[in-house]
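S.K.: The residues making up each chain are set out below.
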Amino acid sequence: MEILMAWRNVWRNPRRTILTILAIAFACLVLIFMLSVQVGTYEVMINASVKTRTGHIQVIKKGYNKDHKIRQVVSDPESIAKILDQTPHVTAHTFRANAFALLSSDLRTCAGLITGVDPERESKISNIVHTMRKGRFLKPSDTNTAVLGALLAKNLKVNVGDEVVALGSAMDGSVAATVLKVAGIFSSGMDDYDRSAIQIPLPHFQEVFYMENAVHEVVVTCDSLWHVSRVKESLAAALHPKPPAEPTGQDADQGLVCLSWDELTPGLIQSIQMDLGGGLIFYAILLVMVAFSIMNTFVMAVFERTRELGTLLAIGAGPGRLSKMLVLESAFLTLWGITLGILAGCVLTFWFQHTGIPLGGAEGMLKQYGIPGLIRPRLTLATALSGPALVFIITTLTALYPALKVRRLTPVDAMRAV
Amino acid sequence: MKKLILIPGLILVLFSTTAFSAQPDAKAIIAQAWDYMRGRTSVSEVRMTVHRADWERTSVIKAWTRGLEDSIFQIISPKKDKGNGTLKIGRDMWTYNPKINRVVKIPPSMMSQSWMGSDFSNNDLSKADTILNDYTHEIVGTTRSDGFTVYEIRSLPKPEAPVVWGMQTLKIREDGILLEQAFYDEDMKAVKIMDTSGIVEMDGRPFPEKWTMRSMDADSKEDYTLLEYRNLKFDVPLADHLFTLNALKKTQR
Amino acid sequence: MNFHMAWRNVWRNPKRTGIILVAIIIGAWTMLAYCALARGVMASSLESALNTLTGHIQIQNPGFREDPAVENRIRNPAPVAALLDHALPKGSCWAFRVQAGGVASNARNSQGITIVGIDPEKEPELSFYGNATAQGRLLEPGDDRGIILGQALLDSFETKIGRKLVLMTQDADRETASRAFKIRGTFRAEMEGTEKQYVFITLAAAQKLLGIGDNVSLACIRLPGRTGQDKAELNPVVEALTRELPRDLTALTWIDLLPLLKGYLGMFDRFMLLWYLVVFIAMAFGLVNTMLMAVLERTREFGLLKALGLTPVRIVKNVLLECLVLLVIGLGAGNLLGVLTIYLFSGGIDMSFMAQGSEFWGLGRLVVPFVTAKDLLSVNAVIMGLGLLVCLYPAVKAAGITPVEAMN
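Protein chains in written order, with my numbering: chain A, 218 to 635; chain B, 59 to 311; chain C, 3 to 410.
This is chain A alone, in the form it adopts within the complex (with noise of 0.2 angstroms):
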């Protein structure tokens, strides 16, 4: 009955009914818009980070992402590697080893990081591989080859084809010293990791630097950002059956952990909070903005029909009802509003999730960030939800204010207002 009169009342001022409608899809349309459009980008850029440097996932030696040590080691990563296979998620494992050493080319010498990076397998995890920027990439094949960063490569003034000399220290402490062949140069993006980096093929890496089978870091990608912490869990149980109930015990493996992205580049997670922190205002700012626009249409579907109010309490309606009928009414205006804004901004979304926003003149700076030039909003059900949720909260809080102050009203005021 209340439901039939507050349709019908609605829609007695058809006019500014869609108004109030657009503005709540409107609001919504903005509020899903933006959201996936940030989802978007952090994804980005958190791929970014996670496919030049870290992966999702790492398995290493307790401490060694603090310090780096050369004999902080996992020794049988093929065990976590069949661990791996069977996990559910995982889309790709590979095996990385680091050391630092002195690189050496007929002109220079600097200090620079060496990575063994197993050729094959890192092409599905690692983006160095579509970062190339002369030459190409390792292949199985190779041995004393290496691909290095643009920004070290000019430092040490090689371009490919050249050699650069690289000494360090072996596991075993001697001496490692290799000879490497320029078989490409990479630009990721990340000026530092440009900077230092020089990766050839894990098997060679091992030789020089006497690892036998050993590795720093088993590298996992997942599926999605979304099941890393899944993944995680089943990869720690599955490294440490039981608890350490015998702490002193041979085990190679003890002292192993697995550490998520976010562990492994804690800028990276805050500078999205920051971020998200100023959507947020923007956010704030939108929905007051929306509120004020539908609270002058509540209160002024209230306000002239005072009358109509007042001659529905007179002949026994009770204040409830009233307020009843009126919370409806603001009801039916916000889900329309809301299914509107939804069906208008998932389109909306979708689309350029498909097309891509071109960022004009700043792919350089984003490209800093590994955010390539253009950014793909990403839609999800967080993302197209939660700002309509929001407006809905909103909406309703200032239709209740008109809805409460009809209980004040008495038949006799009302009667005689305009």
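Rather than coming from a laboratory, the hints here were simulated on the basis of the structure. Check the hints yourself; a few may be wrong.
[Claimed, not checked] Far from chain C by the CB rule (all over 10 angstroms, computed), these chain B residues:
hint, residue
1, Ala-84
2, Thr-107
3, Gly-141
4, Arg-149
5, Lys-157
6, Ala-186
7, Glu-210
8, Val-222
9, Glu-232
10, Leu-290
11, Lys-291
[What the hints assert, rightly or not] Lysine to aspartate or glutamate pairs mimicking EDC-like chemistry, simulated, CA-CA at most 16 angstroms apart:
hint, chain 1, residue 1, chain 2, residue 2
12, A, Lys-374, C, Glu-73
13, C, Lys-198, A, Asp-409
14, B, Lys-85, B, Asp-192
15, B, Lys-140, A, Asp-389
16, A, Lys-371, C, Asp-69
17, C, Lys-162, B, Asp-187
18, C, Lys-162, B, Asp-192
Please read these numbers as outputs of a predicted model, since none were measured by experiment. Note that the Cβ used here is the ideal one computed from N, Cα and C, for glycine as well.
Chain A is already provided as a structure; the job is to place chains B and C on it using the hints.
M.R.: Chains B and C alone, transformed into the frame defined by chain A:
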């Protein structure tokens, strides 16, 4: 019991008779000790053991020195490191690796790194003689050991001298044998301490056989590097071309 | 007369007017506040970049930018000094610097750093060096043994003022050169990275260390006040300098030196306009609705006016005038509120609680919000212009009311 008279070499004899008179001069004691350890030239074979909590590694190194400034080291075992060498001329150092047949000059950024994986840094080698010119010295006490007077010397760096230490303390026996050298930071906390032991006769003079460098860092209490002299000859005539980059590439005998 | 009527009409329903005014006020206020915050962030990024030893213009050896090594130095600085002393706009300042990569070490630690030799008298005006002393004091002229380093570097070396730091580098003859310096003071920089990267010694000390006589790496120039922010302001200076500069040297602006930052700043205006538009649309729904209702509830009145011979154009004018009154009041209060907010935060907003993240974005720690006259103008123009435009709808609606319609 070793006596002063046993020390060969005219210079040392002179030192012992003139410098060690009533008022010993700290700087002269150190200069004498450094000369005593190195002679005008020296050829030696040293077993180096690098000890860590979870592993240990031993190699044998042959070393030639000329005066205090120049030296050349070559690894003779283990096999996989054989031929690796370091040449030091003045402040500059080069390293050579036979596998890749390259000589690389060690850049300033690597000077504080460990030398051959030991507790000695490249700087310890490169700046070993700076104690003579970059510090002012003072005898702070004397003790007796094995019937010798042992001078305890405190050396403070001169203000502009490019040394990182806040202080060094040395214990030098009156016959010129260095017993201990400790390196302190500017808070006068010991950072690392080198001591010698097992004084035996080598090339006709008493010489400590074992040299141990210990790091005083809390997380590496067990770490040390032990040098054991297996063979030592002083004042051997050495050709000038021994201290060149070319010589570094050849295995010397 | 018309205005008087509009004014009265606006206040016929004070509650409604009040709500829509609040919407306009909040719209204008938030547009301004957000714009000011964003401008502050931009300015702080630019200032921090210019301050971090970039300056507005640098005179360099052409090879220096690609390869900032000792080889690529200014070998004859005297004519450059003479030129800079007379050719720069009034109020500019400049100084020579020597720059070289090296290693700093003490008994506990050793780390790669950039050695910067500076002119103790002129440098404080040029870069962050002068305005962020954390402990101790700056270098005095002739203090060739002193060194200033970042607080973060000091902490990681576990050392303190008065202690020494040994610098090691490769001199012009590619020999290892090293020397001990006494720590005189520390600086705070907006980025921890900056604090860990640069150590300052006097120009003379750096020249001696590197063995380069009176040669320098570069001359850094700072233009007066807020000038030098865009190409138009920079180009005349660069042209004037290039004309007289020795042939083997080049003058580079911060836009050449930091192209990424330029691109970032370029995005700003476009983004702000988009932001205005979104906020405005949200506001516009309320505005149109209110005006529409105001018009519709006066159907009779408009019919009567029409019957009395008022032309539709006049009616449109009247309604728009009412809108104008609303907008002017709203904008006035909104601007006032906005400016007040900016004034309240003119001490700067400390972003250091986000230090780690803000570093990732290249953002300075203290953001001082501000708006330019252009921003004020565009905020008001957007609300006023678009506001009147959307009010055309209810206005036309009012003009279309026929007397007959109105009587029913």
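S.K.: A separate judgement is required for each hint: does it hold in the structure or not?
M.R.: These are the hints, each one checked on the structure:
1. Ala-84: holds (21 angstroms)
2. Thr-107: Thr-107(B) is indeed farther than 10 angstroms from all Cβ atoms of chain C, at 25 angstroms.
3. Gly-141: About 25 angstroms separates Gly-141(B) from the closest Cβ of chain C, which puts it past 10 angstroms; holds.
4. Arg-149: Contrary to the label, Arg-149(B) does not stay out of reach of chain C, its closest Cβ about 5 angstroms off (not over 10 angstroms).
5. Lys-157: Holds, since 26 angstroms exceeds 10 angstroms.
6. Ala-186: It holds; Ala-186(B) is separated from chain C by about 15 angstroms at its closest Cβ, greater than 10 angstroms.
7. Glu-210: holds (21 angstroms)
8. Val-222: Since the minimum Cβ distance to chain C is about 5 angstroms, Val-222(B) lies within 10 angstroms and the statement is violated.
9. Glu-232: holds (30 angstroms)
10. Leu-290: holds (29 angstroms)
11. Lys-291: At roughly 30 angstroms from the nearest Cβ of chain C, Lys-291(B) sits farther out than 10 angstroms, so the non-interface label holds.
12. Lys-374(A) <-> Glu-73(C): holds (14 angstroms)
13. Lys-198(C) <-> Asp-409(A): Holds, at about 14 angstroms.
14. Lys-85(B) <-> Asp-192(B): It holds: about 11 angstroms lies between the C-alpha atoms, which stays within 16 angstroms.
15. Lys-140(B) <-> Asp-389(A): holds (15 angstroms)
16. Lys-371(A) <-> Asp-69(C): holds (8 angstroms)
17. Lys-162(C) <-> Asp-187(B): violated (28 angstroms)
18. Lys-162(C) <-> Asp-192(B): Status violated; Cα separation ~22 angstroms.
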